[in-house]
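*Asks:* Chain by chain, the residues run as shown.
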Amino acid sequence: MRLVRRLRLPSNAMVDTSLVTTHVRAAVKVPRRGAAGPLLTAIVVTAIAPARGAAEEPEEAPEIVEETIVVTGTRLETPLAASPVVTEVIDRARIEEAGAATAADALAMRPGLWLDRTIGGTAISMQGLGPKYVLVLVDGQRQLGRIDGAIDLERFSTGAIEQIEIVRGPGSALYGADALGGVVNIVTRAPGETRGELDLQVDHGGGTDLRAHLAGARGRWSGVTSGTWRRGGAYDRTPAEASTTIAAYDDAHASVQGRYRAGDAWRADVTAGYQRRDLAGVDARVTGAVLDRRNLIEVASAATTFTRNGPRTRGWLRLGGGYYRDQFALDQRGGTSLDQYQDTRERLIESAALVEHRVATRHLLGAGVEALGEALTSARLSADGARRRGAVWLQDEWRPGQRFAWLVVPAARVDADTQFGVHVTPRLAVRWDAREGVVARASAGVGYRAPSFKEQLLRFENPGAGYVVEGNPALRPETSRSLQLGAEWRPRAWAWVATSTFVNDLHQLISTVTLDDGGAGAPIRFGYDNVGRARTAGAELAATIARGRIALDLGYAFTHTRDLDLDRALEGIPAQRGSAAVRWRDHDEALTAVAEVAVTGPRPYHLAGAMVETATRLDLRARVARRFGDILELHVGAENLLDAGDDTFDRIPPRTLYTGATARL
Amino acid sequence: MNDLPARLLAATALTASACAADLQPEAEPDAGPGPGTPAGKVSTVRNPDGTYTTRVDATAMDGWTRVDVETGVEPTDEAAWDFAARRFHIKLNGGASGSGGVEVVPVPGSLADVSAAPAGGWITDAPDGDDADAEPDYAFAQGDGWYAYDPTTHALSPRPLVWVMRTGDQTTIKLVIEDYYDDAGTSGVFTLRWAPL
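So the sequence lines, in the order shown, correspond to chains Y and L. Numbers 1 to 665, taken from the numbering used here, label the letters of the first sequence in order. Numbers 1 to 197, taken from the numbering used here, label the letters of the second sequence in order.
These are computed hints drawn from the structure, not numbers from a lab. Note that the coordinates shown come from a computational prediction; the quantities given were computed from them, not determined experimentally. Every residue, glycine too, gets a C-beta built ideally from N, C-alpha and C. One should not assume that every hint holds.
Stated by the list, open to error - Label pairs and their calculated CB-CB ranges:
#1 L:T153 - Y:P239: 41 to 47 Å
#2 Y:R388 - L:T153: 38 to 44 Å
#3 Y:V612 - L:S115: 40 to 46 Å
#4 Y:T659 - L:D62: 55 to 61 Å
#5 Y:Q576 - L:D49: 54 to 60 Å
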């Protein structure tokens, strides 16, 4: 968890902008346990400490407290409890105690999120909207490598992750394209106090996960570096068939970050990372063809960020970019005609700046500019894809009323793209701290998704099957209008309840259309057009009870989806999903135990005009860790204890038992 | 946006990506159809029940593989052919595709169901109609055509039709398309079972 220690002064003392912004007085007071973290989960933390007015009585004495800091809801570091936008945090402690190896593992059990293994990897859906409508960021930077619209969350090893922040609902007013269903921001571990970690885990299937993490500081300089190597064999749920259910993987990742502080207000960060992901599996087709499939994915990224945290003005300037290469090869057994090799390369250059300035007591103005250039090269495209986009956005955090109980946040962003022109995405968010422990929020906004290069420029011909798929350069962005309502209540210090509802109306959805049904001797021609409409609506309920050594999390999500043109449910989205987690931690935190279960209701798929539903799925995992002294920790655990999954819709790893050791210095 | 940062980043990334192997396969000659396909583009064997099985390698993207029904092989005389295949296209030496006068009648059922040539319903390749391509409207593609396309698997499967074919010299055969894929799953390799009528 990103915690900061602050000397807390009376709330009307304008010392720290983030405090002034929110007037937080009751903050999270949690014990620190080395690099681990608090017993209470972040979702509990979410409920703590509603903002209260500056008119309250000043405190008797300054108090040192620790606060969870989030960035996703405002693009600036903000105390979680005071964020104008609901931000769900999966902190490092939760990641470690669950034994999550990747971001996908960390998110898998959350109600309201749905992670599915697709052709593009393990992809996330949110609020009934599929992976291409969810924006995935790492430290606020867009990620390259969407395959069939999805970012593979298994790419992101948790070794370098400090916390994962989730903001549900459209975030285009702040982030622009692709943030219709929500934003997932993976926050990496920042430089700080000197520490080192070495972690080795093996499982009974032969999988190995080795991580190293080192951080240090000297004077104004600090730095951190992380490395991960993971490998695992292929898994075949139906050995009688030639195809594999899950591909073998061999991942390596390294990242480094350096920081220089110039006084109390300024700092500069330089980050760089490189990842290599090698996947190998076997495909078997109904035609009898058996093909060895391999993906060799490389991702490189770098960024420089200058940050200023002044008493009334703060902001940052970032220059960054990324490079993604996916070599995809198919090797037909017994033939060569189906052999394929595709070399897909993406490049992204992103620069952005944001400034937030307090105007009088009640207004906190934020403004940002962004410039983005991206390019994609692929043999499947009729031409190389390239586009540039510039954006400006404005936001005002306005606190009307005498008690500062209301927070009204109008925001708007204007994107100008070289392909689809100008696009405006406004949003209005309101937060009401009704009384101690009760917060209500509402927001209405607009989101959009830019057409992908594939949808614009694809040229794919399958001569064996007689069809052609053609991109459409004239595609316009998909748009959504959204209404979000939510409330959270903390009746006791140990209990917290939250509920939320949402409605998303989507227009101009890009759908596959038949341009020509072939006719005599002609191939069928498919293309893309902005013809679809859809609606998603739902409600979510979450509760946490934490008494002494034990804590219980409960969650339930109901999601209704409808393709309004085809009058049927959207594919692959479960209507119901529930989860529960029980966590135990000793007083001295030497022993931790976690058991998590998620129940996922049937999901609809439309095959050859008929709807089929998957079976209800039950995911169960558990982990126990025991610390010996200050250095060594041993753990054992199990994933997918009930061995859920199949060879069609739920291609998930089988029951896996693992053990490992962590050394912390 | 200045291109310099993009170029620097690309150069850095390319340097980094040199760590990974290049999966680009070595150029190798096309081995053609896989196991189970005899040498030669067209081959015919006689089955114990008196029918014939002809394998036609039509995997080439361009160029037709011609078949002479009488000999069961690819004719050396380019004019002496009855039908030809290119990928999933099948054309007749008749109508808009040739001067051989070959015609067919699609009859629902299996090979054993057909014991005589139908009295009517003969069709041949027609000039290009109002569709996306510039090719003739082949007889084998008229109506529902010879195959069904599964959009989920992108596989073609032959419809249960017997194609009664009458050549220019009035030789009549009944023919079933049994498969469009060879044993390795390569498309464009027809397995035809036929018998004289």
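*Asks:* None of the hints should be skipped; say for each whether it holds.
*Replies:* Cross-check of the supplied hints:
1. The beta-carbon spacing between L:T153 and Y:P239, approximately 21 Å, falls outside the hinted interval of 41 to 47 Å.
2. Separation of Y:R388 from L:T153 is about 39 Å and conforms to the stated range, judged on CB atoms against 38 to 44 Å.
3. For Y:V612 and L:S115, the Cβ-Cβ distance of about 42 Å falls inside the hinted range of 40 to 46 Å, so the restraint holds.
4. With their beta carbons about 59 Å apart, Y:T659 and L:D62 fall inside the hinted range of 55 to 61 Å.
5. The beta-carbon spacing between Y:Q576 and L:D49, approximately 57 Å, falls within the hinted interval of 54 to 60 Å.
In terms of the numbered hints stated before, the structure departs from hint 1 and from no other.
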